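S.K.: Sequence:
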Amino acid sequence: MRPARITAYVTSLLLALGLALTGAGSAAGAQAAAENYVALGDSYSSGVGAGSYDSSSGNCKRSTRAYPRLWANANAPASFHFDACSGATTANVVSSQLGHLSSATTLVSISIGGNDAGFADVMTTCVLQSESSCVNRVNQAKSYVDTTLPGRLDNAYGAIESRASAAHVVVLGYPRFYKLNGSCLAGLTERERSAINGASDHLNAAIAKRAADHGFTFASVVPRFTGHEICSDSSWLHSVKWTNIGESYHPTAAGQSGGYYPTFSAAA
1 MRPARITAYV TSLLLALGLA LTGAGSAAGA QAAAENYVAL GDSYSSGVGA GSYDSSSGNC
61 KRSTRAYPRL WANANAPASF HFDACSGATT ANVVSSQLGH LSSATTLVSI SIGGNDAGFA
121 DVMTTCVLQS ESSCVNRVNQ AKSYVDTTLP GRLDNAYGAI ESRASAAHVV VLGYPRFYKL
181 NGSCLAGLTE RERSAINGAS DHLNAAIAKR AADHGFTFAS VVPRFTGHEI CSDSSWLHSV
241 KWTNIGESYH PTAAGQSGGY YPTFSAAA
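With the numbering used here applied, the sequence shown corresponds to residues 1 to 268, in that order.
These are computed hints drawn from the structure, not numbers from a lab. Every value quoted in this text rests on a predicted model; they were computed, and no experiment measured them. Any given hint could turn out to be false.
Straight-line Cα separation of at most 20 Å, SDA-like style, residue types lysine to any residue; simulated pairs [claimed, not checked]: (1) Lys241 / Gly118; (2) Lys142 / Arg152; (3) Lys241 / Ser183; (4) Lys142 / Cys231; (5) Lys142 / His202; (6) Lys241 / Leu128; (7) Lys241 / Cys231; (8) Lys241 / Gly87; (9) Lys142 / Ser130; (10) Lys142 / Ser220; (11) Lys241 / Thr125; (12) Lys241 / Val127; (13) Lys241 / Leu185; (14) Lys241 / Tyr53; (15) Lys142 / Tyr53.
Work out the full structure: start from the sequences and follow the hints.
M.R.: Right, dumping it as structure tokens:
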């Protein structure tokens, strides 16, 4: 092949490649723009702990740094409704968070189940009472997860299905809270920390099973939070926060952007 022909060939090849890449990028952008996204769930989805709360969300404490908002900002969906609310249970999702779901909804995210299982009471017991009281309360929560929570998750997931049958539903789990044998010099005992981590794993397993049975995608945040638990050198979770107790044991802004957001993005 002569030099002139080589030049023409390479130019044509690069032009074709550029057009192909441009087309792929446009298709991906169009797909994201076509999404009708609704974010449901509890404080881990509303962004409690990340700060920068939207004042209009009131006690729901929806943060501009929460993963649903970060995803919407990055992908510019056709519509976005942020309905997650601090303190929400499965019953709250059904009674007050499904209004924006419809047959046009294409994407839903949700974290739910922790409040049903008594997460706040478990942590209060463990912080304020004895080791045996902590472990007993954790075991009570695990028993609830085994006996009662599956039905409540089914009710919430079924309600989502009935209203948004065409949607891709991403169910996000909860992180492990503690790095065992980490840098914490005071506070809970290692037995208590281990019990709490085990309860988180137990809860995630139950949620994952119910999500799979409904054809939903379960997305674990545990891999992303590994190395960023409480008692690590770079925690993405608040420990007890006496100046704002409601943010205790919730992801920081870094936990939302580095843990939940990429986990959701990969699943969505």
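S.K.: Now tell me if each hint is right for this structure.
M.R.: For each hint, the structure was consulted:
1. Lys241 / Gly118: Status holds; Cα separation ~19 Å.
2. Lys142 / Arg152: 15 Å, holds
3. Lys241 / Ser183: The given pair, whose Cα atoms are some 18 Å apart, holds under the 20 Å limit.
4. Lys142 / Cys231: Violated: Lys142 and Cys231 sit about 24 Å apart, past 20 Å.
5. Lys142 / His202: 7 Å, holds
6. Lys241 / Leu128: Answer holds: Lys241 to Leu128 is near 14 Å, not above 20 Å.
7. Lys241 / Cys231: 14 Å, holds
8. Lys241 / Gly87: 17 Å, holds
9. Lys142 / Ser130: 19 Å, holds
10. Lys142 / Ser220: 19 Å, holds
11. Lys241 / Thr125: Given that 20 Å is the threshold and the Cα spacing comes to 15 Å, the pair holds.
12. Lys241 / Val127: 12 Å, holds
13. Lys241 / Leu185: 17 Å, holds
14. Lys241 / Tyr53: 17 Å, holds
15. Lys142 / Tyr53: Roughly 32 Å between the alpha carbons, so the hint for Lys142 and Tyr53 is violated.
Hints 4, 15 from the list above are not met by this structure, while the remaining hints are.
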